[in-house]
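Enquirer: Sequence:
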Amino acid sequence: MGALVASRDCLRDNDWICAEYLRSRSGELADATVQHIGIAAVSVVLAVLVAFPLALAARRWRAAREPVLGLTTVLYTIPSLAMFALLLPVFGLSVSVVVTGLVLYSLTILVRNILAGLDGVPAEAREAARGMGYGPGRMLFEVELPLVVPALMAGVRIATVSAVSLTTVGAIVDYGGLGNLIYSGLQTVFKAQVLTASVLCVVLAVLADLLLLRLQRALTPWTRHRAATGKG
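Throughout the sequence shown, residue numbering follows this note's numbering, covering 313 to 544 in sequence.
Computed Cβ-Cβ distance ranges for the label pairs, DEER-style:
1) A369 <-> W328: 46 to 56 Å
2) S408 <-> R324: 36 to 46 Å
3) S336 <-> I470: 35 to 45 Å
4) V518 <-> L498: 20 to 30 Å
5) P458 <-> T500: 46 to 56 Å
6) A428 <-> V515: 29 to 39 Å
7) L498 <-> T389: 20 to 30 Å
8) D486 <-> A440: 46 to 56 Å
9) N326 <-> R372: 57 to 67 Å
10) V346 <-> R442: 46 to 56 Å
11) E436 <-> W328: 52 to 62 Å
12) V346 <-> D521: 15 to 25 Å
13) W328 <-> R372: 45 to 55 Å
Since the hints were made in silico from the structure, they are not lab data. From the three backbone atoms N, C-alpha and C, an ideal C-beta is built for every residue, glycine too.
Please model the entire structure based on the sequences and the hints provided.
Expert: Right, dumping it as structure tokens:
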């Protein structure tokens, strides 16, 4: 019986859980994970850089608010496969297709959160800043932005988890990170590869959310003080 168990090969038997797969394919898993993290991270950073001026424009010019919110909402409703297919003629079979698609998907979350944060800045804070001689630029960066951080970070967390998930769809252009392994594993019915890559995607999403939550708390120490005061 012991010899029978010892001779069992989980790769040959195509088991869902296989330590030998992790050992023999560790390099492949590491490369796919690095690509996955890189695509998701770059996409979210670019999305923030695009969303911020859009939110500022929507806040400053009321006529622009509905078009900006409407356009970003429409983009979010486009199925991911259709989105990447529409971007293919523009970027070809490149990582830009995946990054651009993820940026467009993130806009609706980020623009709405940033705009909500800006709208939520207390009027008395703005009035006090004006009374101290703050111009529009100084008020934005020294008064409004610190108060917008909680709403912004909440949006970044949602956008990041979404990007980690949607990056897998990039496998259709061979830039899906762990999605490449999931896609090829499904084609060959390679159970260990499908399960391992899927679990890694979930782990990446959870870790990214926890890291961003810690960053949010580090950037907004006053919220912890307020919570502690409230408990007392």
